[in-house]
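Visitor: Listed below, chain by chain, are the residues.
There are 2 protein chains.
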Amino acid sequence: MQIIKNEIMSKATAAKQASVKLANLPTGVKNEALLKMADALEARSKEILFANGLDVDAAKARGTRASYIDRLTLNEKRITDMAEGLRQTAELPDPVGNTDFSVVRPNGLKIRRVKVPFGVIGIIYEARPNVTVDAAALCLKSGNACVLRGGSEAIRSNKKIVEVLQAAATDAGIPDHAIEFIDIIDRDAVIVMCKMRGLIDVIIPRGGAGLISRVVENASVPVIETGTGVCHIFVDKSADFDMAINIAVNAKTSRPSVCNAMETLLIHRDIAVDFLPLVKKALEDKGVELRGCDRCLKICPDMIPATEEDWSTEYGDLILSVKIVDNVDAAIEHINHYNTQHSDSIITKDAHNATQFQWEVDSAAVFVNASTRFTDGFEFGFGAEIGISTQKLHARGPMGLEALTTTKYLINGNGQIR
Amino acid sequence: MQIIKNEIMSKATAAKQASVKLANLPTGVKNEALLKMADALEARSKEILFANGLDVDAAKARGTRASYIDRLTLNEKRITDMAEGLRQTAELPDPVGNTDFSVVRPNGLKIRRVKVPFGVIGIIYEARPNVTVDAAALCLKSGNACVLRGGSEAIRSNKKIVEVLQAAATDAGIPDHAIEFIDIIDRDAVIVMCKMRGLIDVIIPRGGAGLISRVVENASVPVIETGTGVCHIFVDKSADFDMAINIAVNAKTSRPSVCNAMETLLIHRDIAVDFLPLVKKALEDKGVELRGCDRCLKICPDMIPATEEDWSTEYGDLILSVKIVDNVDAAIEHINHYNTQHSDSIITKDAHNATQFQWEVDSAAVFVNASTRFTDGFEFGFGAEIGISTQKLHARGPMGLEALTTTKYLINGNGQIR
Numbered sequence: 076m077q078i079i080k081n082e083i084m085s086k087a088t089a090a091k092q093a094s095v096k097l098a099n100l101p102t103g104v105k106n107e108a109l110l111k112m113a114d115a116l117e118a119r120s121k122e123i124l125f126a127n128g129l130d131v132d133a134a135k136a137r138g139t140r141a142s143y144i145d146r147l148t149l150n151e152k153r154i155t156d157m158a159e160g161l162r163q164t165a166e167l168p169d170p171v172g173n174t175d176f177s178v179v180r181p182n183g184l185k186i187r188r189v190k191v192p193f194g195v196i197g198i199i200y201e202a203r204p205n206v207t208v209d210a211a212a213l214c215l216k217s218g219n220a221c222v223l224r225g226g227s228e229a230i231r232s233n234k235k236i237v238e239v240l241q242a243a244a245t246d247a248g249i250p251d252h253a254i255e256f257i258d259i260i261d262r263d264a265v266i267v268m269c270k271m272r273g274l275i276d277v278i279i280p281r282g283g284a285g286l287i288s289r290v291v292e293n294a295s296v297p298v299i300e301t302g303t304g305v306c307h308i309f310v311d312k313s314a315d316f317d318m319a320i321n322i323a324v325n326a327k328t329s330r331p332s333v334c335n336a337m338e339t340l341l342i343h344r345d346i347a348v349d350f351l352p353l354v355k356k357a358l359e360d361k362g363v364e365l366r367g368c369d370r371c372l373k374i375c376p377d378m379i380p381a382t383e384e385d386w387s388t389e390y391g392d393l394i395l396s397v398k399i400v401d402n403v404d405a406a407i408e409h410i411n412h413y414n415t416q417h418s419d420s421i422i423t424k425d426a427h428n429a430t431q432f433q434w435e436v437d438s439a440a441v442f443v444n445a446s447t448r449f450t451d452g453f454e455f456g457f458g459a460e461i462g463i464s465t466q467k468l469h470a471r472g473p474m475g476l477e478a479l480t481t482t483k484y485l486i487n488g489n490g491q492i493r
Numbered sequence: 076m077q078i079i080k081n082e083i084m085s086k087a088t089a090a091k092q093a094s095v096k097l098a099n100l101p102t103g104v105k106n107e108a109l110l111k112m113a114d115a116l117e118a119r120s121k122e123i124l125f126a127n128g129l130d131v132d133a134a135k136a137r138g139t140r141a142s143y144i145d146r147l148t149l150n151e152k153r154i155t156d157m158a159e160g161l162r163q164t165a166e167l168p169d170p171v172g173n174t175d176f177s178v179v180r181p182n183g184l185k186i187r188r189v190k191v192p193f194g195v196i197g198i199i200y201e202a203r204p205n206v207t208v209d210a211a212a213l214c215l216k217s218g219n220a221c222v223l224r225g226g227s228e229a230i231r232s233n234k235k236i237v238e239v240l241q242a243a244a245t246d247a248g249i250p251d252h253a254i255e256f257i258d259i260i261d262r263d264a265v266i267v268m269c270k271m272r273g274l275i276d277v278i279i280p281r282g283g284a285g286l287i288s289r290v291v292e293n294a295s296v297p298v299i300e301t302g303t304g305v306c307h308i309f310v311d312k313s314a315d316f317d318m319a320i321n322i323a324v325n326a327k328t329s330r331p332s333v334c335n336a337m338e339t340l341l342i343h344r345d346i347a348v349d350f351l352p353l354v355k356k357a358l359e360d361k362g363v364e365l366r367g368c369d370r371c372l373k374i375c376p377d378m379i380p381a382t383e384e385d386w387s388t389e390y391g392d393l394i395l396s397v398k399i400v401d402n403v404d405a406a407i408e409h410i411n412h413y414n415t416q417h418s419d420s421i422i423t424k425d426a427h428n429a430t431q432f433q434w435e436v437d438s439a440a441v442f443v444n445a446s447t448r449f450t451d452g453f454e455f456g457f458g459a460e461i462g463i464s465t466q467k468l469h470a471r472g473p474m475g476l477e478a479l480t481t482t483k484y485l486i487n488g489n490g491q492i493r
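Residue numbers (my numbering), protein chains in the order written: chain A, 76 to 493; chain B, 76 to 493.
In case anyone wonders, no lab produced these hints; they're calculated from the structure. The beta carbon of each residue, even a glycine, is placed where N, CA and C say it ideally should be. Keep in mind that a hint or two might mislead.
Unchecked claim - Computed from the model, here is a short list of chain B residues facing chain A with C-beta under 7 Å: (1) N99; (2) T102; (3) S295; (4) N489; (5) R493.
To be verified - Covered by chain A, according to a simulated footprint, are these stretches of chain B (three or more residues, beta-carbon under 8 Å): (6) 359 to 365; (7) 380 to 393.
Just chain A, same shape as in the assembly:
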């Protein structure tokens, strides 16, 4: 444990030192570095693919399932995509230095609040090597140093990618150690990172519920939780059936493994007899398994009965729980009880119900007549996404570059005393 601690502390200290200079670098220098990092990824793709091949072989030898191997595997196309991501990040506006509040006080003090980088951001993630590139790019553009800790399965790929990115960044005038990578496989590394108060300013975990809760339970560094989504769609009495079916199918089946996919469909009792069989057929045609409440089973006796556990399960798969509710109040109550405060949607023609739903459902994103799948930094127009915050502190919902900044007050006087 002490060796792990020393190793991580030395990297976090180096990142902290780099962060001071990095925080005040001109936007042009950061953009130039991002472009050089993109070029370097492509120029050194052979090295990256070789390292990745070792990870893939090891995963296959462990008998890892195919979908997982697919996410881990890089090829020239995926490296080009990562490089394109870097180039797009260079195009984004730089939030650092923006003033978001200013006032001149009666005593003459000029007060303004400006956006500044956090300093050092710790990112703990799993599986896919492209997260390494994304995270490094967004931290750099927002003037932050980063300490990255990727999953052990991709450790060779990640180490090589970071080596390539670091070298290119340093060439372009970025301080050494602005991008640090923890290459310790031991899970204790996560615990140790989460306690680096004073060196790491914020930790963002990206991954499954197990990782997130291990970080939250152990962290003394402030954490931004991302992640799990038990998203709901409520089909109100006045809903347009075609629209509701279209949205339900999209929200469940367009990409069932992601956090903004629908997991529970709520249906107003007054339309259930007509609507349930229609939506059931449309979803079953796409291969979805439906698990229904008692009232659903009375209408469609062939449905699998839902258990209490179903209402709080993020299936991440072609499975959907379905419940018939009395009205919009009951829908809101169900959602606020079972959801993970991610994304929920109402399909309705009733403006009053729409408004009540939006204000009373306690989630990061509340939709009217649209698919929950739109909760995404790119879909919101941020041009980037470091994750989707499901907590209420600091950032909620999709996090773009601005979520990677904090603020400071600059106050100018001419001798004022209190």
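Please build the complex by placing chain B on the supplied structure of chain A, with the hints as guidance.
Guide: Below, chain B without anything else, positioned relative to chain A:
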């Protein structure tokens, strides 16, 4: 421990239920309640003073020191002041519902981000009973339920105050349990509160370093740290001596016990021979004990030598550490090494040094030619202050009503799918 847990969970659950209705109450209802709470405090002052008398007697019997007894003691004037605080909170603009971002996307989705209450705010504090009133008022105005846990010394006063506030609030249409108070003296109560994930949305500790770190180390609920301030003033080579002395005396002596008081004075080496004796005399005339670095001692051999520990000590008293530094870079380096990221000031006529200092010192508030004592919600014009955040997540520096809100995205479509 289980009894404590059950008790706190039941109060937090009640607060959570209240928070749903509270979040969407019209501003007028909240303001009316604040005014009735103010009236009730004054109308029932005898009951409050009686309960407070019991706390004061118990503190005296324990041999508590006089300054502490003074902070604990209420009288008619102090109750009137608390009532005035409630009335002033009613006058403040309500942040809930404000839109801080909006966009219409190419696919027609209308996205806006609005300010909403957190839900339930836990506030853990020490000593003074007026914090109970302040905290309850600011949480209510921002649409949040609160779970308060005050110091054991003021427990009878706090219980009575909360009883009076709750009754008046309920009369005015605020949901029951919007203001909950934990009357468990056992310190485990703090630990238990900090782990109420899903019931308490954020914890704000207000008190000494011991309380803050106990909360941070144990919390799984997100925390906003407030508090400790090792504040610096750097007197640059070009400083106006009169202004610098005036500000140094104000920052150290106007209220030495508070977190925005100066603890370390840094002096540019080129002016030290002339400036140090002058500022020393001015401070000593106010009863300040100066502890100097080696270079200070060469100029003023009668100074007490500062130890390494002095540079990171928040004296909260009429003691000051003094260090001579080579230039603005050395001043910034010293500050970023030893400070608590609270408030620091440069006294200079050099615009370049002022700018460098403001952007490179990593603190919540960085001043030019003004006293650090201005870091305060009222001085910044917020009309209120729940504390001064010394962390970077969510809120930094003085926190007014807006810091007690989070955001949510409301997205309106007409059938969009992805």
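Visitor: At a Cβ distance under 8 Å, does chain A reach at least three residues of the segment 380 to 393 of chain B?
Guide: violated (count 0)
Visitor: Is the hint on B/T102 kept, meaning its closest Cβ partner in chain A is under 7 Å away?
Guide: Hint violated; B/T102 Cβ to chain A Cβ min 14 Å, cut 7 Å.
Visitor: Can we keep the B/S295 interface hint, with Cβ of chain A closer than 7 Å?
Guide: Because about 5 Å separates B/S295 from the closest Cβ in chain A, which is inside the 7 Å limit, the hint holds.
Visitor: If you count the residues of the segment 359 to 365 of chain B with a beta-carbon closer than 8 Å to a beta-carbon of chain A, do you get 3 or more?
Guide: With 0 residues close enough to chain A, the hint is violated.
Visitor: Answer holds if the nearest beta-carbon of chain A is closer than 7 Å to that of B/R493; otherwise answer violated.
Guide: holds, 4 Å
Visitor: With chain A as the partner, please determine if B/N99 meets the hint condition of a C-beta pair closer than 7 Å.
Guide: holds, 5 Å
Visitor: Identify whether the interface hint at B/N489 stands, where standing means a beta carbon of chain A within less than 7 Å of its own.
Guide: Cβ of B/N489 sits 6 Å from chain A, so the hint holds.
The structure does not agree with the numbered hints 2, 6, 7 stated previously, though it agrees with the rest.
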